[in-house]
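Trainee: Hey, can you work out the whole structure from these sequences and the hints?
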Amino acid sequence: MSTTEPSPTPRALTFDCVRCGLTVSALDPDGRERDHCPGCLSSRHVVDHDGGGASACDGRMVPLSIAVPRGGVWVLVHRCVRCDELAESAVTADDNPLVLMRIAVRPLADPPFPLDLFGEV
Amino acid sequence: MGRRNRDRRERRPQRPKTVLHAHGEIGGAGSFRCAGCRLEVPAIAPGTSHRNHCPHCLTSLHVDRRIPGDRAADCRGPMVALSLAGRTDGEWRLVHRCSRCGGLSVNRIAGDDNARALVRLAVRPLAGAPSGFAAVARGALARL
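Protein sequence lines, in the order shown, are assigned to chains A and B.
At position 104 of the first sequence the residue is numbered 104 (our numbering), and the sequence of numbers has no breaks.
At position 84 of the second sequence the residue is numbered 84 (our numbering), and the sequence of numbers has no breaks.
In case anyone wonders, no lab produced these hints; they're calculated from the structure.
Please note that a few of the clues may not be correct.
Claimed, not checked - Going by beta-carbon spacing under 7 Å, a handful of chain B positions derived as facing chain A:
id: 1; residue: Pro42
id: 2; residue: Pro78
id: 3; residue: Leu82
id: 4; residue: Ser83
id: 5; residue: Leu84
id: 6; residue: Ala85
id: 7; residue: Gly86
id: 8; residue: Glu91
id: 9; residue: Val95
id: 10; residue: Leu104
id: 11; residue: Ala122
id: 12; residue: Pro125
id: 13; residue: Val136
To be verified - Simulated restraints, written as ranges between beta carbons of each label pair:
id: 14; chain 1: A; residue 1: Arg70; chain 2: B; residue 2: Leu39; range: 34 to 40 Å
id: 15; chain 1: B; residue 1: Asn114; chain 2: A; residue 2: Pro29; range: 23 to 29 Å
id: 16; chain 1: A; residue 1: Leu117; chain 2: B; residue 2: His50; range: 40 to 46 Å
id: 17; chain 1: A; residue 1: Gly21; chain 2: B; residue 2: Leu39; range: 29 to 35 Å
id: 18; chain 1: B; residue 1: Gly30; chain 2: A; residue 2: Cys20; range: 45 to 51 Å
id: 19; chain 1: A; residue 1: Gly51; chain 2: B; residue 2: Pro42; range: 32 to 38 Å
id: 20; chain 1: B; residue 1: Gly30; chain 2: A; residue 2: Asp48; range: 32 to 38 Å
The beta carbon of each residue, even a glycine, is placed where N, CA and C say it ideally should be.
Mentor: Here's what the structure looks like:
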């Protein structure tokens, strides 16, 4: 065994966002590993969420919607632009609040039926 | 009314159905029973030809895997409505999550879907959640 081998965990401390090019730290303020850019909330399709394991797609994942499971914590739903696979990822403390809010109000800003009728129901 | 309601006529045509469904499913019997509220739902829906969820409680069934209609999933768990996503042409898409295996899927809403259930889902991120909306709003104000 050669001594020039890198250490078993040469984890990169930063990564570049595939959409906006922002260099972000690999760990979020809470110490967990980040899976999306805090600036534009884009992600990369590296995990196969259906079959498990690593994915060969490597496409860009755009934020689709915000889900609120039990507990009231916001969860981002991502969708891959190449293969249309969906993924969930937790919202971190330093995610861009304006982009988050825009995704959250997007269905209500453009409803398929008039919402003012709900005042009478 | 939304801003983009004027160009509703330029609607994307739906993909034709290319899969054959088993007997007793949609296409076989002409109706299915909801996995959540046991409502008998006709397979033909206004506004969409790909109905996959109950119009009353919006519950779906985990039968498809990667391609819609492939019937390749062996989970068969009930999928509850998780969130709503808007499309650029103003239509709403419903994101489902399997309550057994956690798989996600997206489907357009149908014309006879329960509007009250849909709106309840749409306002859920903005409802006074302890660590959702309030935390994000605090973060936005702190940066201004």
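Trainee: What hints, given by number in increasing order, does this structure fail?
Mentor: 1, 2, 14, 15, 16, 17
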